[in-house]
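A.B. asks: Sequence:
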Amino acid sequence: MVISDVACGSVTAVPDSDKVVCITDGSMDKYRGTLTMVGGKKAENITDDVTFYDVIGEKSILMLTDYNLDRSRGDLKYFGGKELKMVDSDVSGFFSIGNAKECP
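The end of the sequence shown is residue 126 by my numbering, with every number in the run present.
Hints are not guaranteed to be accurate.
[Unchecked claim] In the DSS-like style, the derived pairs of lysine-lysine whose C-alpha atoms are separated by at most 27 Å in a straight line are:
| hint | residue 1 | residue 2 |
| --- | --- | --- |
| 1 | K107 | K81 |
| 2 | K107 | K52 |
| 3 | K64 | K81 |
| 4 | K63 | K104 |
| 5 | K81 | K63 |
| 6 | K41 | K64 |
| 7 | K41 | K104 |
| 8 | K81 | K104 |
| 9 | K41 | K107 |
| 10 | K81 | K41 |
| 11 | K107 | K64 |
| 12 | K64 | K104 |
| 13 | K41 | K63 |
Since the hints were made in silico from the structure, they are not lab data.
Sequences and hints are given; from them, build the entire structure.
C.D. replies: Put into structure tokens, the structure is as follows:
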């Protein structure tokens with residue numbers, strides 16, 4: 023699978039998987055983009071307006087969306103493999119296990 027408009031430095035391997043996660047369609051002025059999981063011949067857009075994310079596993083990704091750079095706050099969301107869940111709003115950050123990336 024070939025995808026275009028991948029943000030430089032945003033690609034991270036999914037632990038214990040043959041997939042990768044990256045930011046596509048990034049906006050330099052808003053510092054956000056679409057979080058996309060790629061594996062084999064399939065690319066799945068998880069959600070838009072992602073600024074920071076941490077890939078824990080194929081079915082476990084934390085992310086900050088709709089991040090306001092002036093306030094340093096956004097919405098913390100969790101992707102569990104099938105659906106995206108809102109965890110909390112007005113969040114400034116979260117602890118990473120080492121696979122964290124941001125929209126460059």
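A.B. asks: Taking the hints in turn, state whether each one holds.
C.D. replies: Each hint, compared with the structure:
no. : hint        : in the structure
1   : K107 to K81 : 12 Å, holds
2   : K107 to K52 : 23 Å, holds
3   : K64 to K81  : 16 Å, holds
4   : K63 to K104 : 18 Å, holds
5   : K81 to K63  : 18 Å, holds
6   : K41 to K64  : 10 Å, holds
7   : K41 to K104 : 15 Å, holds
8   : K81 to K104 : 8 Å, holds
9   : K41 to K107 : 21 Å, holds
10  : K81 to K41  : 11 Å, holds
11  : K107 to K64 : 23 Å, holds
12  : K64 to K104 : 15 Å, holds
13  : K41 to K63  : 10 Å, holds
When held up to the earlier numbered hints, the structure conflicts with none and fits them all.
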